[in-house]
Every structure is written in C-alpha cells, then in structure tokens.
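Novice: Read off the chains here:
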Amino acid sequence: MGMITVEHLSKRYGGRTVVDDVSFTCPPGTVTGFLGPNGAGKSTTMRMICGLTPPSSGTATVCGSDYRRLPNPGREVGLLLDAGAQHPGRTGREALLLSALAMGVPRRRVDECLDRVGLSPAAARRRVRGYSLGMRQRLGLAQALLGDPRVLILDEPANGLDPEGILWMRGLLRDFADQGGTVLLSSHLLREVEAVADRLVVIGGGRVVAQGSRDELLADSGALVRARDPQALRAALDRAGLPVRATTDGGLLVGAEPGAVGQAAADAGVALVELRPAESAGLEQMFLTLTAGGDVRKDGK
Amino acid sequence: MTVDSTVPPRATARTSAGRSSGTAPSDHGRPSLLRLTVVELRKLTDTRSGFWLLVVIALLSAGIVTVFVLSVPDGDQRFDNLFAAAQIPVGLLLPVLGILLVTSEFSQRTLSTTFALVPRRHRVVLAKLAAGVLAALAAVVVCLATTTVGTLLATGDGATPGAWSTSAAAILGSAVFLVVNMLMGIAFGLMLHSTPLAIVLSLVLPVAWSVLGELVTRLRSAAEWLDIGTTTAVLVEPPAAGDLTAGQWARLAVSVAVWVGVPLVAGLVRTARREVS
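Chains as they are written, first to last, in our numbering: chain A, 1 to 301; chain B, 1 to 277.
Hints listed in this document are in silico derivations from the structure and should not be mistaken for laboratory results. All C-beta atoms in this analysis are idealised placements derived from N, C-alpha and C, irrespective of residue type, glycine included. Accuracy of the hints is not assured; some may be wrong.
[What the hints assert, rightly or not] Taking CB as the label site, the calculated pair distances span:
1) A:PRO27 x B:ARG270: 52 to 58 Å
2) A:ASP215 x B:LEU33: 27 to 33 Å
3) B:GLY29 x A:PRO258: 46 to 52 Å
4) B:LEU268 x A:GLY171: 43 to 49 Å
5) A:LEU189 x B:ALA257: 52 to 58 Å
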C-alpha cells in the first residue's frame, strides 16, 4: 500500500502531452527519487498529486485520499514545490507563521522548524527578498516540515544548496523515512538522489522509462568495457550476440555481466583497457540519452 | 491572535513520523473559516505594501478632513459633512486593498502554498471576503475617529448649531458603502487575476457605464439601476446619508449584484479549477 499512489496520470496542454500515463507508488518508510531531465514532467506530476494542476486523466492519492479531499493537508503532506514562490516582502518567519496559523500548529513549531533547517533567528527576521536560493530552499523545507507531516513531496530541493547543505538534507530525509515517513523528491541529477533514495522512478518525455528499487536498477545495468580498438570490440560483441546498449566516451555499455563480455573479447582476441560492472553508469547513460531526447525503455521490476 | 492555542501541542516530526506506517484517515480537522479569516487579515498587514496602503488610507482620511476644516465655511463644518468627506478617499482605496488581497497571491506565486494548505479553494475566497468585510468595518471606525477629531477642532467654540448631528443610518450607510467597495475590489481581483487590469477596470468600467447611461437615452433607466456610483452615493451623502427609500435599496441591491456578484461568481468559477503555478 502506497502513501502516494499515482495511477495512469496524464496531462495534455492543447496537443502537447507533458505527462503521459505515469504510474508509481511510494511505500511508507522509503525515499523515492523522481528522476528526469528538465522538462520531463516531474513538476507537473507533483503538482497533479497535490491538486494544484488538474490532470487530463488518471488519479493520484496521498495518504489514501485525493489530496483535495484531505481535511487539513498541511498536517499530512509537507510540500516544497517552488522555493521561489514566497512573497518577497514577508520575513521568512512571517511566511511560516501564516502557514502555521492556517493549519493550526502552535507558534513554537515555527521556531523549531527554522532551527531544524538551520535558519538563524536573525535570518528568519529578514525579508525573503534578500534570501539566497539556498536559504529559500531551507525556508521551503521548514514550511514542508511545519505541519509534522507523514509524507514529504519535494521538487528539486537540492537546487541552490551547497555540498554541505545537500549532505545535511540527505540526512534529514533519511531520518524522516527511517521514522516511517514517506518521501518523494525530484531531481535532474542522478548523483544527487542516488545516495539517499531507496527507490527510483525515472521519467523522460513525460513517460516512466524505468522504476524499481535503486539496487535493482543499479545492479541490472550490465558492464562497461573499453578496448584499444573500439571497432574490433564492437564486432566481437555483435558476434557473441551481446547487446550493446549505448556508447560512452570511448567505451561501450553492454547489457550482460562482465564475465560474458570478457569472454567475448578474449574469443575475438581483442585487448581490453577496462572492464567493470556498469553500476550507475547504466542509469547515467540512460539519463544522457533521455536528455538528448532519445527513447529508452527499461524495467527494473 | 490566539487561534493556534486551540490545537493541542504535538510531538516533533522526528518522533511522530513513526505514526505514519498506515494510510488511515487523519484525525486533523479542517481549518475553520475563522482561522482562515485571521490568516487573510494578517496577509493584509504583514507586507510593506499592505501596511503602507493601510497607513495611506488612514492618512488620506485625516488629510481630507483637515482640508475640509480649513477651507469650508464654518457653518458647514459639521460631523455629518466631515464624515462624508472622510469616506471619499477610503472608498476609493479600499477596492485596491481588496484587489491586492487576491492578485498579490498570483503575482507573488504564494497561491500554490495557500491552495496546497486549503485545497477547497472557495473557502480561501470566503475567508478573503470575510477579511475584506472586517477591514471595511475597521475603516468605518477610522473614518469616525478622524471625523470626530475634525469636528472637535472645527467646532471647539460650540458656536456651530447641530455640529454633532449624525444618525445611526449614516453609520450604517458608511458601513455598507465601504463593504461594497471592498468586496467589489476582491471580486474584480478574483475575476481578472491581475493587479493593474483589476484596478483599471474596476475604476473605468463603472464610470464608462455611467457616461454611457447619460449619453444613450434608451439606456437611461437601466443605467439608473446599474450605476453603482449613483446607487451608493446616497449611502454617504449628507444630510440624509444612509437614509434610503425602498426603491433606493432595491437599486443598490441590483447594482451590487451586477458589479460585485457577477465578477465574484465569474472569479470563483475561474479560480476553482485553474492551474496554479
């Protein structure tokens, strides 16, 4: 049973399909990384989950209910959809106070959350106009945590954070999930979510191109191989019937385990420079292909 | 503001995320309209622009009373005349406050937060209307205060006959006048979603209609019913401010239905499902 359940969600603007039949679930106690290049449909999907964008078809539920039917959604779901969407004339603390007032959490919770995301009382008294993107992200995260929710939905929360901030945020999200919470966070950088996500949903051109547990997706990604003579290697692999999934800078990504690749190279007498399990190189390659507008399909399940 | 004290304190997220293993429906009740109204009232005052607009409204009310006291013949410096004058700038600027209460959420993109916390969007609109009514009533009090000070200054010698003459009707008239102006601003903001467009159209359209009614003979009787400038003027103009006949109330009601009701309904429909970014 998922705390977030998305079923056949689609969004069309005129003739353009931005989100195309997207389905996935986020079980409690997990962090789900929602990955895709910019413009892949991540934000639109998240906005449809939260009832801010009406879907063209399909459904989404959060905590077992249509988001718009949650009586006090701020107490169930913490949202960070757009760190820039704060009134520049309000202080950071005032922005949180308004939300706290609306969802009925005590005032001291505002200071707790500010403290938790590392915004000092002095910073919280300043107007948001003067905040850096990183500070806005922290403020947005404080707002998401304010209602003490059991689900977090965060759109590109690492944008604008420095490396230390990213590390800190990973720890926070990991803790949240370990306490039984559910996290859905999007990113256009594989490296950023790889370290914290238990599950990955990869989206490109509005469609889900891969999803499953991180370990499955990373394990299943074949071998990375390089030879001094790439053409000879390619021919050897083709002869052995091993599928070459993609080309990287000077190497080949092969949909087979390294042993089989090495054997094929040895049989053909091709000298290898490098041979190793592809690990995230597979996902990364898929990612690059997505960004370049290619069409790839892969199912980790 | 003590609204937040009605909710029992909860554990911090660290410990309470643990309750989250199921998808059982929550025990958190939806926020009351009162609570949401308090939020909207706070939004009126917690930004620099909102705060200064309120200050300017009060200062203009005081300013026009001062001008009145300095320039009008002594015999006319009575409470009822001053009260009417004090409301003119307030009546003009309250719609702007109402417009900003709605449109600033679009222009500053805070609407996604507002609607994420209260997905039943009509409740946000209701809270904004309630906050608008309360702000307009507060404006009545401000006008009464500036008028009282003005009358004291102007008639300190006690020589003006009937200096303090006013009526409950005049105060009721003022309340209706300012509330209608405020709600019209909110309705236009809600219909148009854009600050400049809403300000211009809410000022220009009623005047244009009024001029049209003057020029086109066949429209004259319709204009009489729909010219909100005329139908609301009787609410504030002395000596019989707020003392409306049944016919005048009817005309007021019809003009309010057109200039407040129609844009409000159109705005609700437009805002209900619109994508918020």
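Novice: Holds or violated: 46 to 52 Å for the Cβ distance of GLY29 (chain B) and PRO258 (chain A)?
Specialist: Since GLY29 (chain B) and PRO258 (chain A) have Cβ atoms about 58 Å apart, the given range 46 to 52 Å is violated.
Novice: Taking the CB of LEU268 (chain B) and the CB of GLY171 (chain A), does the distance hold inside 43 to 49 Å?
Specialist: holds, 44 Å
Novice: Given a hint of 52 to 58 Å, does the C-beta separation of PRO27 (chain A) and ARG270 (chain B) actually sit inside it?
Specialist: violated, 38 Å
Novice: Could you say whether the range 52 to 58 Å given as a hint is met by the Cβ separation of LEU189 (chain A) and ALA257 (chain B)?
Specialist: Distance hint for LEU189 (chain A), ALA257 (chain B) holds at roughly 55 Å.
Novice: Taking the CB of ASP215 (chain A) and the CB of LEU33 (chain B), does the distance hold inside 27 to 33 Å?
Specialist: About 49 Å separates the Cβ atoms of ASP215 (chain A) and LEU33 (chain B), which means 27 to 33 Å is violated.
Of the hints listed earlier, those the structure fails to meet are numbers 1, 2 and 3, in rising order.
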